[in-house]
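Q: Sequence lines, in order, name chains P and D. Counting in the UniProt record's numbering, the final residue of the first sequence is number 226, and the numbers go up one at a time with none missing. Counting in the UniProt record's numbering, the final residue of the second sequence is number 226, and the numbers go up one at a time with none missing.
Any given hint might turn out to be false.
Claimed, not checked - Straight-line alpha carbon distances no greater than 27 Å define the calculated DSS-like cross-link-like pairs of lysine-lysine that follow:
#, chain 1, residue 1, chain 2, residue 2
1, P, 224, D, 83
2, P, 196, D, 14
3, D, 224, P, 76
4, D, 81, P, 224
5, P, 196, D, 111
6, P, 111, D, 196
7, D, 196, P, 14
8, P, 224, D, 196
Read the hints as simulated data drawn from the structure, not as lab findings.
Okay, here's what each chain looks like letter by letter:
Number of protein chains: 2
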Amino acid sequence: MASPPSNTSTPTAKVTSLTDLPCTPTSSWIKLQRATYTTSSGQSRTWDLARRTTTSASGIDAVSIGNIIRHHHHPKNPSTKPKPPSTILVLQFRPPVNAYTVEWPAGLIDKDETPQQAALRELYEETGYSGTVISTSSPVAADPGMSSANMCLCMVEIWLEEGQPEPEQHLDEGEEIQRVVVPVAELYDRLEGLAKEGYVVAAKLWHWAAGAKFAVENPGLFVKEG
Amino acid sequence: MASPPSNTSTPTAKVTSLTDLPCTPTSSWIKLQRATYTTSSGQSRTWDLARRTTTSASGIDAVSIGNIIRHHHHPKNPSTKPKPPSTILVLQFRPPVNAYTVEWPAGLIDKDETPQQAALRELYEETGYSGTVISTSSPVAADPGMSSANMCLCMVEIWLEEGQPEPEQHLDEGEEIQRVVVPVAELYDRLEGLAKEGYVVAAKLWHWAAGAKFAVENPGLFVKEG
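If we strip away everything but chain P, and leave its shape as in the complex, we get (with noise of 0.2 Å):
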């Protein structure tokens, strides 16, 4: 994993030993580890980081599931307007931050299960709708100064009749859900409002809000030169 910069023949860093800290009791989910690792101009330094114990075959920990909500539209009166499209998102009590998060439906990666396949299972899981895949990240890492976890962000459309009634979640025993479907326009300023109500947002959901905020202010910006 540790490729070098491509444009450089100086030797490259990489991890030389990994040693667990046992840790009592042990924790089935994590742990902690310390890498030994070598600088590229050959130094010997230490670097503490938690690891999941649960990572797949595929090498990925986890899937967040982005994912646009769209509605084929058939009005029996032509005046009727079209639901706008929309993210359903999660809300769920998470004890590392001691708070009520909003996310973007998201999972652990079962054992021999593509990111795709959890994905799709996931969403339908947490909130009882089915999807197609429109595209999948590269893994990329959840906090990579501190932690080995990575995921995949799969982008997955959902599209719905008309006044579908929303179908029911498949959740695990004892799991607590609740869902938020929020119009893509107005996703930024739902997570802002959510957050001063004391909800805590995921980074990774909040930066794809940002982006596509920018985007949508700053269009001059995303002009690609010829």
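Put chain D on the given structure of chain P with help from the hints.
A: Positioned in the frame of chain P, the structure of chain D alone reads:
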């Protein structure tokens, strides 16, 4: 912090105790903890998490510096094209993922520092550039299923004169950080290219770029209803 959903009268979940899972040897940077919490239906459960030991007085761990570099244009030759609005990224070896990562400049907030002060300090140290903070996000959760870590995204505007040379970095001893300046309009494509070369892109930067790309390609989804 366990703010309840304001639209419900059901009891809110909350962490009732937090105990360290002591590790040997101890890390100065991270610890594991076991949260005991009650669910909104009154059940008692546990959840293991990683926590930074370095959280600043503000209660916010870190800041990342989204940035836009713009050039004042005073062409001596009127046919000179201004440089495109760009953003500066940093490439560095990150032991937790045993890889070189692509991130916006970022860092931990020092004791008694505000997020904005930390943003301008880290930007200066890692890139040499000075700028102005134009927005600061609410504190958002880096990976709320796994850790308590939170951060703010500060957007910083950097104005340069045409032809101004790249300044010196002011790195801590032993820090090895490369800078890459990328036109904003090419950000997503460049991140994809770097991922193909073997770099690991930080999830937050990826999500910002993905949100911007999505908004550019689907402007109709972002039109607010009157």
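Q: For every hint, state whether the structure bears it out.
A: Hints versus structure:
no. : hint             : result
1   : 224(P) to 83(D)  : holds (12 Å)
2   : 196(P) to 14(D)  : holds (19 Å)
3   : 224(D) to 76(P)  : holds (25 Å)
4   : 81(D) to 224(P)  : holds (14 Å)
5   : 196(P) to 111(D) : holds (25 Å)
6   : 111(P) to 196(D) : holds (25 Å)
7   : 196(D) to 14(P)  : holds (19 Å)
8   : 224(P) to 196(D) : holds (21 Å)
No hint from the list above goes unmet by this structure.
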